[in-house]
Amino acid sequence: MLHTVNKSSFERNSLKSCLNAIDDTSVILLIEDGVISAANNENSSMLAGLATEGRVFALQEDVDARGISSKVADNIKLVDYAGFVDLVEEYGTTVSWV
Amino acid sequence: MKISIQINEGPYQHQASDTAYQFAKAAIAKGHEIFRVFFYHDGVDNASRFTIPPQDDRNVVNNWASLDIKNAEGEPELVVCVAAALRRGMLDEGEAGKNGIDGNNIHPAFRISGLGQLIEAGIQSDRLVVFGD
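Chains A and B are the protein sequences, given in the same order.
Taken in order, the first sequence gives residues 1 to 98; the numbers are from my numbering.
Taken in order, the second sequence gives residues 1 to 133; the numbers are from my numbering.
FYI, nobody ran anything at the bench for these hints, they're computed from the structure.
Any given hint could be a false lead.
[As the list claims (entries may be wrong)] With a straight-line Cα cutoff of 27 angstroms, these simulated DSSO-like cross-link-like pairs (lysine-lysine) come out:
| id | chain 1 | residue 1 | chain 2 | residue 2 |
| --- | --- | --- | --- | --- |
| 1 | A | 7 | A | 71 |
| 2 | A | 77 | B | 2 |
| 3 | B | 25 | A | 77 |
Starting from the given sequences, assemble the full structure and let the hints guide the process.
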């Protein structure tokens, strides 16, 4: 499954809820304000493990729009909208944590 | 691949509709079919033909209309939830007539229908992606 998260972990608990529910084969795509969780900050440890496994993606356009391109944590993969479409195709059911 | 989209938020208030539009455009560019876009809750406001954004801003309603998403019968597959629409004063000609109201504001690239259309989109499509707040 593909899990999209569109809120900052400083604003809502949706990333935490997603992490509580995610199984071993699913991936996370951070979009909209969700990309704040892709930056190095005090909440970065939440995603570090999954990112090391290559299972965390962030939408490039939203990262750029928020001026955090230079702060993206290690191992988080950036994708564009075409990459978003590819993730939807590859990972089957999409769950939107809003 | 057949992809359907659900949008729960109106234009300009939240990024959901913009993200969904960019996603739909990218999917079409990759050769996928957008089977249906279902506008639910405040998402129905994306269908107003009366929106006039400033000239240097994007026109969310026209962006959706420009994707020209139709079925084999030529009907629009930008579908607006009827209950959500009527609550918010979004009417097509038929609903205006039925309810005795002297105007209508649904853009012709959209059509009003029921929640069954969302369920059907979920069944008929390979993927259903939800954008909301």
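Item to check | Hints violated by the structure (numbers, ascending) | outcome: When the structure is compared with the hints, none of them turns out to be violated.
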